[in-house]
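The whole structure should be built from the sequences, with the hints applied where relevant.
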Amino acid sequence: MDGGWWPRSADLAKQLPAVAAALREAVEPLSRVAYHLDTWGPTARIARAETRTVRLEGVRSTDPNTITALGPDSRRVSMLVVPTETPGGMARAVLRSAADRGFHRHGLGKPGRQRPPRATDGLPDA
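65 is the number that UniProt numbering gives to position 65 of the sequence shown; each next residue is one higher, with no gaps.
Derived from the structure by calculation, the hints contain no laboratory data. Honestly, I wouldn't trust all of these hints.
What the hints assert, rightly or not - Straight-line distance between alpha carbons at most 20 Å, and here's what the computed DMTMM-like set of lysine to aspartate or glutamate pairs gives: (1) K14 to D100; (2) K14 to D38; (3) K14 to E50.
Quick caveat: nothing in here was measured; it's all calculated off a predicted structure.
Encoded structure:
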C-alpha cells in the first residue's frame, strides 16, 4: 500500500476530484482509477477530476479494500480504502499507518517529498 483514503461516500465519481487533488504529485495527471465492483455503488465509467477526464475501471480481481490510481506513464498508487462508516479516530489511525508503511516501502512522490499523499488531505471531517 502506498497510502490510505477515507472516502466520505460510496459515490466514487463524486469523490474523485478530492482524490485527484491529493494524488497530484504522485500520479500527474491521473488517467485511470481501478476499484472493486462490490465495494462501490454504481458509478459512471468516465468522470471529471479537475480539468481531466478519468476512466473508472470496476474489477473483481483486486482487493475490495483498495483502489489503484494510474497515470499515463504507468505510475501507480495503491490506496487502502477505509470504509465510510468507520469512526473518525480509528479511520485517522488507519490512514496514518497506511501512509507510513507506504512511504517506507515505496518512497512515493517527486524527489524531496516529505510524506506520501493522503487522499483525505484538504477534505473536511465527516
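Verification of the supplied hints:
1. About 27 Å separates the Cα atoms of K14 and D100, which puts this hinted pair outside 20 Å; it is violated.
2. Restraint check for K14 and D38: satisfied, since their Cα atoms lie roughly 17 Å apart, inside the 20 Å limit.
3. The hinted pair formed by K14 and E50 meets the criterion: a straight-line CA distance of about 12 Å does not exceed 20 Å.
Consistency with the previously given hints fails for number 1 only.
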